[in-house]
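Asks: Here's the letter readout for the chains.
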Amino acid sequence: MVLAPADRAAVLALWRKLGTNVGIYTTEALERTFVAFPSSKTYFLHLNLSPGSAQVRAHGQKVANALILAVNHLDDLPRTLSYLRELHTHKLRVDPVFFKLLCHCLLVTLARHYPGDFSPNMHASLVRFLNHVISALAPSSG
Amino acid sequence: MVYFTAEEKAAITGLWGKVNVEEAGGEALGRLLVIYPWTQRFFDSFGNLSSASAIMGNPTAKAHGKEVLTSSREAIKNLNNLKDAFAKLSELHCDKLHVDPENFRLLGDVTVIVLATHSGRECTPDVHAAWQKLVSGVATALAHKYH
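In order, the protein sequences belong to chains A and B. Its first residue numbered 1, the first sequence is counted upward by one per residue in our numbering. Its first residue numbered 1001, the second sequence is counted upward by one per residue in our numbering.
Just chain A, with the same shape it has in the complex:
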């Protein structure tokens, strides 16, 4: 799976700008997903989901680490994310629709915090990047 050069450059540049704050935004994306799409909480009933929860923050950081890994391995996403695909498919049994909802909420989060960087082209590049990540995580790409 290959992302076009312009998309890669855009996503890499934004991720560089986010720096060590990726976890803050993925955590916010999770919190937004729980509020806007309450059925998504079904996968996290073992966690304290109240606002500011350290457990949600910890999971947000895991999501951030996975996205940083993905950004640095754009040419080999299925293999890079294969462990996560196995985990989410067979152990956690997450409906891939959840990944779409979380990615949408991540876009809303980034749009809210970085409006000046969120041009239509950047928006399009992020959608393409996140779609590649979702494809690598979902069972059909196995």
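Calculated directly from the structure, the hints in this document are not laboratory data. Among these hints, one or two may not hold up.
Said to hold, decoys possible - Going by beta-carbon spacing under 10 Å, a handful of chain A positions derived as facing chain B: (1) Glu-31; (2) Phe-37; (3) Lys-41; (4) Tyr-43; (5) His-104; (6) Cys-105; (7) Leu-107; (8) Thr-109; (9) Leu-110; (10) Ala-111; (11) Gly-116; (12) Phe-118; (13) Asn-121; (14) Ala-124; (15) Arg-128.
Claimed, not checked - Derived DSSO-like pairs: lysine-lysine, alpha-carbon spacing no greater than 27 Å straight-line: (16) B:Lys-1133 to B:Lys-1088; (17) A:Lys-100 to B:Lys-1133; (18) B:Lys-1145 to B:Lys-1133; (19) B:Lys-1083 to B:Lys-1145; (20) B:Lys-1133 to A:Lys-41; (21) B:Lys-1009 to B:Lys-1077; (22) B:Lys-1066 to B:Lys-1077; (23) A:Lys-100 to B:Lys-1009; (24) A:Lys-41 to B:Lys-1009.
Note that the Cβ used here is the ideal one computed from N, Cα and C, for glycine as well.
Please build the complex by placing chain B on the supplied structure of chain A, with the hints as guidance.
Replies: What follows is chain B alone, placed relative to chain A:
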């Protein structure tokens, strides 16, 4: 039937009052055409859609985007009866325009993102969630008369 709580209605009308609706509508439709290129098939008569900058600057696209969001402004006055509010538009989009209803959901989500770029800290998770409920209700209402 979708029901909106008083807080959700306040979140929707509150944000609506702060955002330039016409501009946001044009931007949302433009982004839809850029990010999901198949949607351009419904807008052949719009003229130059050959690049992102052409699309975002296209006056016909902007005007249509404004019209789409303005019709939603009317819907906001009928939040607890979106199906009736959008009945005629639903028939139009099915019988004349032949638009796959999935595209209404895509435009709804793009609209929420555009509103987030314009509203900054006002776009709290609760306000965001109220808007998701609105765009989902509108998309469902628009698909309601399909056959």
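Asks: Holds or violated: A:Glu-31 as interface residue toward chain B, Cβ cutoff 10 Å?
Replies: With a minimum Cβ separation of about 6 Å from chain B (threshold 10 Å), the hint on A:Glu-31 holds.
Asks: Decide if the proposed pair is consistent with the structure: A:Lys-100 and B:Lys-1009, CA atoms, cutoff 27 Å inclusive.
Replies: holds, 26 Å
Asks: Please verify that hint: A:Ala-124, Cβ, nearest Cβ of chain B, below 10 Å or not.
Replies: OK, holds: A:Ala-124 within 10 Å of chain B, min 5 Å.
Asks: Under the criterion of a CB-CB separation shorter than 10 Å, is A:Phe-118 in contact with chain B as hinted?
Replies: holds, 5 Å
Asks: Quick check on A:Asn-121 please, does its C-beta sit within 10 Å of some C-beta on chain B?
Replies: holds, 5 Å
Asks: For B:Lys-1066 and B:Lys-1077, compute the direct alpha-carbon distance and say whether it is at most 27 Å.
Replies: holds, 18 Å
Asks: Does B:Lys-1133 lie within 27 Å of B:Lys-1145 when you go C-alpha to C-alpha?
Replies: Judged against 27 Å, a Cα distance of about 20 Å means the pair holds.
Asks: Mind checking the alpha carbons of A:Lys-100 and B:Lys-1133 for me, to see if they're no more than 27 Å apart?
Replies: holds, 16 Å
Asks: Is B:Lys-1133 within 27 Å of A:Lys-41, Cα to Cα?
Replies: holds, 17 Å
Asks: Taking only the CA atoms, is the gap from A:Lys-41 to B:Lys-1009 under or equal to 27 Å?
Replies: Holds, because 24 Å separates the two Cα atoms, which is no more than 27 Å.
Asks: Let's test the interface hint: is any C-beta of chain B closer than 10 Å to that of A:Phe-37?
Replies: holds, 7 Å
Asks: Less than 10 Å between beta-carbons is the criterion; does A:Arg-128 satisfy it with respect to chain B?
Replies: holds, 8 Å
Hints 3, 4 from the earlier list are contradicted by this structure; the remaining hints agree with it.
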